Every structure is written in structure tokens, then in C-alpha cells.
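Asker: Going line by line, the protein sequences match chains H and L.
As numbered in the working numbering, residues 1 to 233 make up the first sequence, in order.
As numbered in the working numbering, residues 1001 to 1261 make up the second sequence, in order.
Since the hints were derived computationally from the structure, they do not count as laboratory data.
None of these values were measured; they are calculated from a predicted model.
Here a beta-carbon is modelled for each residue, glycine too, at the ideal position from N, C-alpha and C.
You may find that some hints are simply not true.
For the chain L half of the interface with chain H, some residues (derived, Cβ under 8 Å), not all of them [what the hints assert, rightly or not]:
no., residue
1, S1149
2, L1159
3, G1160
4, G1163
5, P1177
6, R1192
7, N1250
8, W1255
9, G1256
10, K1258
Derived pair list, reagent style DSBU-like, types lysine-lysine, alpha-carbon separation capped at 35 Å [said to hold, decoys possible]:
no., chain 1, residue 1, chain 2, residue 2
11, L, K1254, L, K1184
12, L, K1002, H, K86
13, L, K1121, H, K22
14, L, K1258, L, K1121
15, L, K1254, H, K22
16, L, K1258, L, K1002
17, L, K1034, L, K1065
18, L, K1254, L, K1034
19, L, K1002, L, K1121
20, L, K1184, L, K1089
21, L, K1065, L, K1121
22, L, K1034, L, K1089
23, L, K1184, L, K1065
24, L, K1034, H, K22
25, L, K1254, H, K86
To give a feel for the contact side, a few chain H residues facing chain L, derived at Cβ under 10 Å [claimed, not checked]:
no., residue
26, R2
27, G4
28, F7
29, V37
30, E44
31, A50
32, L59
33, F60
34, A61
35, Y71
36, D102
37, P185
38, F205
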Amino acid sequence: MRQGETFVIIGPSGCGKTTLLKAIAGFLRPARGRLLVEGSPAREPGPDRAVVFQDFDQLFAWRTVRDNIVYALRVACRVHGAAAGKRADDVLALVDITRAADRYPHELSGGMKQRAAIARALALEPTMLLMDEPFGALDAITRNQLQIELANIHRRTGVTIVLVTHSIQEALYLGDRVMVMTAHPARIREIVDTSAARDVETAEFAALTGRLRELLVHREEDDAGEPPDAALA
Amino acid sequence: MKWSRIPVAVRYALLVAAIVLIWQAYVTFSHVNKLLVSSPVDVAVALAGDLRSGQLVSVTLATLKNLVIGMIVGALVGFALASFAVFSKVGHDLLSVLSAIFNPLPSIAILPLAMIWFGLKPESIIFVVALASVWPVAINTDTGFRTISPTTQLAARNLGLRGWRLVIDILLPAALPSIITGLKSSWAFGWRTVVAAELVFGVAGSAGGLGWYINNARYFLQTSTIFAGLVVISVLGILVEAIFGIVERNTVVKWGMKRSG
């Protein structure tokens, strides 16, 4: 993985894309092989690899949106008091939910909850932002809006993003490179450079959509090719 | 005026007033033996008299003291058992076995044994109250810990939380709806147990609590005093329910973890 890029992992259900993300986050250990983060093996879970999940339960229901961020800063980054408050206000403004800062998570819409989760992850100033189908539980309109905003946030912060999705459109729109995985056996099929396709209207976008669809749908003939190295750096 | 349009507090007050009126009318007009059934007025007189003399206050405090100490001991042991059950398989099996053995046993049935062990002292009552409250707390807290969303736990671990910090900052608040349910149920068991134990006890003087107060009134055929004791028990029960309601509204209901109702 290159610094500052948006690296997308796409694949059918059961191909291990979420498992791979969890391994990067440190929740799981690789059964075989090594997984490198910044040149050293992935360690215990930590805020340097902040995760945004699909599930809304990732926010702590007993804290307000702002408190969720201030608390995360206190325990994960040892940032306290006014400094934490200032950083919380900054990220809340960045994801545009300042007006919901003092509400409890259950009072927010799905889209707002995901914005809050992204804000909390960004506040930790991670070396990489891991996102596991972050917009999977949202309606199509909210999903599109958040994709646009995530692209803006990425442009402004330059944070490295690893995004797991099963939407080709989302992969192309957000990704600089897209890694296609297959199930049974779980393999990395190919890593496609998609930085040329940004605008949904262009011919490149259509061409790459076709290419990704083909990689996803067509089962690999049982070729004896070596699977690509799984080391991520 | 439609009944459902009247405010809820007024509706309840009207029903209570109606019941008291019917009760008073029955005693006044049926010429029932006053040693068998006291009228609400007599009960109010007995209540006022014993409140003024301080006797009712001191026996109520004695009961509450036994109850609170017993419940605190029971709840702490319950939390410890539930935590042990979450972190180890042995603990989980131990909780299953212990609660299967002791939960169906009315803890008042342990009182004779407790009297042999601790003598005719408050310790015996505290012991049976603790035994009554430990299982609801342990079982509900264990369920609460087990049903915490995996995503909540992953998010907490992502912040680098572990060990006691994880338990206190994340698991306890996330399991709070079940913990409150456990405490409510442990209060219900404990309250019945403490009164029953004091009734059986009967000999410990004014330190004997409300159960003793009722039993003592029976010796002297002071029926209205018996009723007064029952009224205090019922009113305290309502008050504690109300306190639990306030706690829930300010925590789990406010956080959207439990619907108000």
C-alpha cells in the first residue's frame, strides 16, 4: 500500500476481504505468512489503524457524539481537556456534523452515525484508516453523498485509506488501486490501477467497470499461477 | 370526560381513593369485628401514632439497613461471578451450576441454617438477603456481557482498550440495561426475603425491623398496627420502583438502549 492512496479491496462474500482488514487492524493473526504494516508485523489493535465498521454499534451509545471523540482521544492518544475538545470540534466540522455534536448516537440517522464514526477515526490521526463496508447499511442517496464527502476528506487530509466494499461503483469512484479477491479458494485475483477512473461519465470508468465485473464474475481456471504476495506495506 | 384523557397521576389517585372509600364503607356498615379488619381511618391513626413515636421509623430503618447491606454483598458477589463467567469457561460452568442449584431455592428456606450459623442476629437476615439477590444479578449481568454487540467490542479494542479499563469503560455501560434488570429483580427478591425473615425471626426487639413490627402487633391483637406495617412495606416498594424508573430514564432510556415504558 502506498502512503496517501485509497486502496480498495473488492470481492464476493466469503472471499476473506473483511478477514484481511481485521488482520491489518490486529484483531486477527494471519494463520500463515506475514502481514507488514510500515515494515513491521501487524501488532495488537491500536489507534494508528483506526477502523470504521459497517455496523452502527461502533459508536458508544452512552456517550454523545462529541464525547465519543473526546473519550477516544483520551484513552487512545492521551490527549486531554481543551486540546481534545478542540480536535473533536475540528473533525466534527470536517465531516459536517457539528450541529449533532451533543446528541446521543441513537438520535442520529444512519448517515449521521457513519459520519460520527468517521470523525472519531480521523480524530485519532491514524497512519491508515481502515473501512469495512462503511456505507453498506445506508440508503443509496446517503451512500452517494457520503462517498463524495469521503473523497473530499481524503483530498484534504491525505490519510491512507483501506476500503472494503462489494460495490464496483464505489471501488472505482474512491479507489486509486483496486484489489480483486476471489472466493473458494480465497485468493487475490489482481490489483488494478483505477486512478484514471474518477468521473462516472467517462469512458475509462465504463471500461474499468467492465474489467472489474469480469474479474469478479469469471471464475479463474484452475491455473497454477503463484498467488500474489500478501505483504502490505 | 373520557377516562383516558385524564392525567395518569390523577387516574391512579382516583382509583386509590375509590379503593380506600370502599374499604372504609365496608368496615363502617358491615359491623365486621375490628380485631379482624381495621378501617382506613384506624390504620391512619396507628400509622401516625407510631410515626410520631419514632418506632415505625426505627423499625423501617432497621429493615432497610439489613436489606441494603445484604443486597450490596449479593450484588458484588453477583458481579464477580458474572465477570469470572465471561472471562473463563470454568467460571461460566460454575455460574451455571451454582445458579441451577440455588436459584430455585427460596432463600428464606436457608434462614434456619443461617440462624444456626450466625445466631439470632441481623447477620442471619443479611445472609439470606444476600443469597436472594446474588443470582438475579449474576445471571442478568452475565447475559448482559454476552449480548454486547461484537462491533462495540472491536471498536473498543481498536482504541487499545484492554483488561479492567475495557470492563469498566465499555462492558459495564454496554451491559447496563441487563444489569439494571438484574438489580430490580434482586431488589424484589431481597425485599420479600427481608420481611419474611424478620417475621420468622420475631425476637430481636426494635432492631428486628418491619417484619418484627407486624408480628409483634399480632401478639397484642393490634390489627390496625399490622395494617400500618403492610402499608409502609407497600409504599416503600412503590418508592423504590420509582427510583429505578428515574435511574433508567437518565441512563439506558436516554442512551436509546431501552425503550421507555
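Asker: Against this structure, judge whether each hint is valid.
Answerer: Each hint tested on the structure:
Interface restraint check for L:S1149: the shortest CB-CB distance to chain H comes to about 4 Å, inside 8 Å, so the restraint holds. Interface hint at L:L1159: satisfied, since its Cβ lies 4 Å from the closest Cβ of chain H, which is below the 8 Å cut-off. About 5 Å separates the beta-carbon of L:G1160 from the nearest beta-carbon of chain H, less than 8 Å, and the hint is met. Look at L:G1163: its Cβ only gets to about 12 Å from chain H, farther than 8 Å, so that hint breaks.
With a cut of 8 Å, the hint placing L:P1177 at the interface with chain H is violated, because the nearest CB-to-CB distance is about 10 Å. Taking 8 Å as the C-beta cut-off, the interface hint given for L:R1192 is violated, the closest approach to chain H being about 32 Å. Because the closest C-beta pair between L:N1250 and chain H is about 11 Å apart, greater than 8 Å, the hint is violated. Because the closest C-beta pair between L:W1255 and chain H is about 5 Å apart, less than 8 Å, the hint holds.
Among the interface hints, the one on L:G1256 holds; its C-beta lies about 2 Å from the nearest C-beta in chain H, closer than the 8 Å criterion. A hinted interface residue such as L:K1258 counts as satisfied when its beta carbon comes closer than 8 Å to some beta carbon of chain H; here the least separation is about 10 Å, so the hint is violated. As the CA atoms of L:K1254 and L:K1184 are separated by approximately 18 Å, the hinted pair is consistent with the 35 Å bound. For the hint linking L:K1002 to H:K86, the alpha-carbon distance of about 54 Å lies beyond 35 Å, and the restraint is violated.
For a cut-off of 35 Å, the pair hint linking L:K1121 to H:K22 is broken: about 58 Å separates their Cα positions. Between the alpha carbons of L:K1258 and L:K1121 the distance comes to roughly 41 Å, so the proposed pair goes past 35 Å and is violated. The hinted pair formed by L:K1254 and H:K22 meets the criterion: a straight-line CA distance of about 32 Å does not exceed 35 Å. A hinted pair counts as satisfied when its Cα atoms are at most 35 Å apart, and L:K1258 with L:K1002 qualifies at roughly 31 Å.
Taken as a hint, the L:K1034 and L:K1065 pair is honoured in the structure, with Cα atoms around 33 Å apart against an allowance of 35 Å. Between the alpha carbons of L:K1254 and L:K1034 the distance comes to roughly 50 Å, so the proposed pair goes past 35 Å and is violated. Proposed proximity of L:K1002 and L:K1121 is contradicted: the alpha carbons are some 55 Å apart, above 35 Å. Distance restraint check for L:K1184 and L:K1089: the Cα-Cα separation of roughly 27 Å lies within the 35 Å cut-off, and the hinted pair is therefore satisfied.
Distance check on the hinted pair: L:K1065 and L:K1121 sit about 13 Å apart at the alpha-carbon level, within 35 Å; holds. For the hint linking L:K1034 to L:K1089, the alpha-carbon distance of about 61 Å lies beyond 35 Å, and the restraint is violated. Our distance criterion of 35 Å between C-alpha atoms is met by L:K1184 and L:K1065, whose separation comes to about 17 Å. Under the criterion of a C-alpha separation no larger than 35 Å, the hint pairing L:K1034 with H:K22 is inconsistent with the structure, at around 76 Å.
For the hint pairing L:K1254 with H:K86, the CA-to-CA distance comes to about 26 Å; that is within 35 Å, so the pair holds. With 10 Å as the threshold, the beta carbon of H:R2 stays out of range of chain L, its nearest partner Cβ sitting at about 23 Å, so the hint is violated. Restraint check, H:G4 versus chain L: the minimum CB separation of about 21 Å is more than 10 Å; hint violated. Below 10 Å, beta-carbon pairs count as interface contacts, and H:F7 has none with chain L, the closest being about 19 Å; its hint is therefore violated.
Given hint, H:V37 at the interface with chain L, is violated; its Cβ is 14 Å from that chain's nearest Cβ, farther than 10 Å. A distance limit of 10 Å between C-beta atoms decides the matter here; for H:E44 the minimum to chain L is near 8 Å, and the interface restraint holds. For H:A50, the interface hint holds, since its Cβ comes within 10 Å of a Cβ in chain L; the closest pair sits about 7 Å apart. A distance limit of 10 Å between C-beta atoms decides the matter here; for H:L59 the minimum to chain L is near 8 Å, and the interface restraint holds.
Proximity of H:F60 to chain L holds as hinted, the smallest CB-CB distance being about 7 Å (cut-off 10 Å). For H:A61, the shortest C-beta to C-beta distance to chain L is roughly 5 Å, which falls under 10 Å, so the interface hint holds. A cut of 10 Å between beta carbons decides the hint on H:Y71: the least distance to chain L is about 8 Å, and the hint holds. The beta carbon of H:D102 comes no nearer than 12 Å to any beta carbon in chain L, farther than 10 Å, and the hint placing it at the interface is violated.
Evaluation of the H:P185 hint against chain L yields a violated restraint, the C-beta minimum of about 26 Å exceeding 10 Å. For the restraint placing H:F205 at the interface with chain L, the shortest Cβ-Cβ distance is roughly 33 Å, beyond the 10 Å limit, so the hint is violated.
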